[in-house]
Amino acid sequence: MQTEQFREIVEEARSAPSALNTQPARWRRKGDTILIGCDPAATLPVSDPHGIAAGLACGAAAEATILALSARRMGAGFTDLWGQDDRETMPGLRLAARITLEAQTDPDPLGRQLPLRFSDRGPYEPGPVDLYGWTRRDAILVTDAGRRDWLADLHDRAAMAHLRDGAARRELLSWLRLSPRHPRKRHDGLDRATLRLSPRAAAEARLVLGPLWRPADMLGLTDRLVGETMQIRSSAVIALFHRPVADSPVTAGRAYLRLLLEASKLGLAGWPMGVLTSRHDAREEVARHVGIDPERRLMQVIRFGPPGTHPDQRARRPLEELIV
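Every number in the numbering used here is 114 more than the matching position in the sequence shown, counting from 1.
One thing to keep in mind: the hints can contain errors.
Claimed, not checked - Distance windows between CB atoms, simulated:
| id | residue 1 | residue 2 | range |
| --- | --- | --- | --- |
| 1 | D279 | D200 | 28 to 38 Å |
| 2 | L433 | H164 | 57 to 67 Å |
| 3 | D267 | M332 | 18 to 28 Å |
| 4 | M344 | H296 | 24 to 34 Å |
| 5 | E216 | S312 | 23 to 33 Å |
| 6 | E118 | K379 | 26 to 36 Å |
| 7 | L255 | L230 | 15 to 25 Å |
| 8 | L215 | S312 | 46 to 56 Å |
| 9 | R278 | P237 | 24 to 34 Å |
| 10 | D200 | V160 | 17 to 27 Å |
| 11 | F232 | M344 | 12 to 22 Å |
None of these hints come from the bench; they were simulated from the model. Cβ coordinates follow ideal geometry from the N, Cα and C atoms, glycine included.
Use the sequences and the hints to build the structure in full.
Printed below as a string of structure tokens:
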């Protein structure tokens, strides 16, 4: 694998999803081996203190790398290294996975969806959606209005409880790119267009999540800003993605990306309802309500629906930041 080919692979693999679009995965090539590391500066220590979301992101990046290799008929072996907590092999980073080139292979059909998949916060387009044949042992697909509305209500309550923590609000604000002049707008985080906010709503969000939170919350004005009930109720399906408790989040992240790519193949775009898994109380309530086995962990809740518009450009870090 030549240097230019490796750069092309990383360019494709960097489309993998991450919480708040933090993009913690980093790549290093050593001969026919690719190492995936996790950058702690691109994680969420308040919202994700145990690194579950960071591990998912790195696992998704590893799977995207394997799919990009597959498109070039390169087979790949995968080793999950998250549990070793190795911070020496890639100084400054936590080693997440090792990918080794193997014999030639046929392209994985899901790889075609890598450049086509994108996130959409909603609201989604109305109308019937064909989910025929989409079954997964690691996901409960919620399509009925009753459970969808219950999840919408729980999400908004959990989001409000989360944002009443000042540290959580500051962490969120640090990854929002609501100003058109933000220097990182094209590289990472969530901008106004991605969040489907008008210029006025974006300006209000910066103030309310920042210096005006306390008076706005006392006046009951924060619910309108935080609430996502309309978007959630417009979704065609909500996927409750769960994995064995013993699974590393990196291994789970590989399966997570494939779920998102399968949805993309069906013409659906998704948006994670991350607060339902980052908050222990909400995660346990969902697991009890839908009957997830105690030996399995709810890893992510994602709403899906037919997207209204395709984003013009996804914010992605330049290769110079990703290849170390």
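Results of checking the hints against the structure:
For D279 and D200, the hinted distance range of 28 to 38 Å is satisfied, since their beta carbons lie about 31 Å from each other. In this structure, L433 and H164 break the distance hint of 57 to 67 Å, their C-beta atoms being roughly 29 Å apart. Taking 18 to 28 Å as the suggested C-beta distance range, the pair D267 and M332 conforms, at roughly 22 Å. In this structure the supplied range 24 to 34 Å holds for M344 paired with H296, their Cβ-Cβ distance being about 26 Å.
The supplied range of 23 to 33 Å is broken by E216 and S312, whose beta-carbon atoms lie about 50 Å from each other. Roughly 29 Å separates the CB atoms of E118 and K379, a value that falls within the hinted 26 to 36 Å. Under the hint 15 to 25 Å, the C-beta atoms of L255 and L230, about 21 Å apart, fit the expected range. Restraint check, L215 to S312: a C-beta distance of roughly 48 Å satisfies the suggested window 46 to 56 Å.
Range check, R278 to P237: about 26 Å between beta-carbon atoms, so the 24 to 34 Å window is met. The hinted range of 17 to 27 Å is satisfied by D200 and V160, whose Cβ atoms lie roughly 24 Å apart. At roughly 20 Å, the beta-carbon separation of F232 and M344 lies within the given 12 to 22 Å, and the hint holds.
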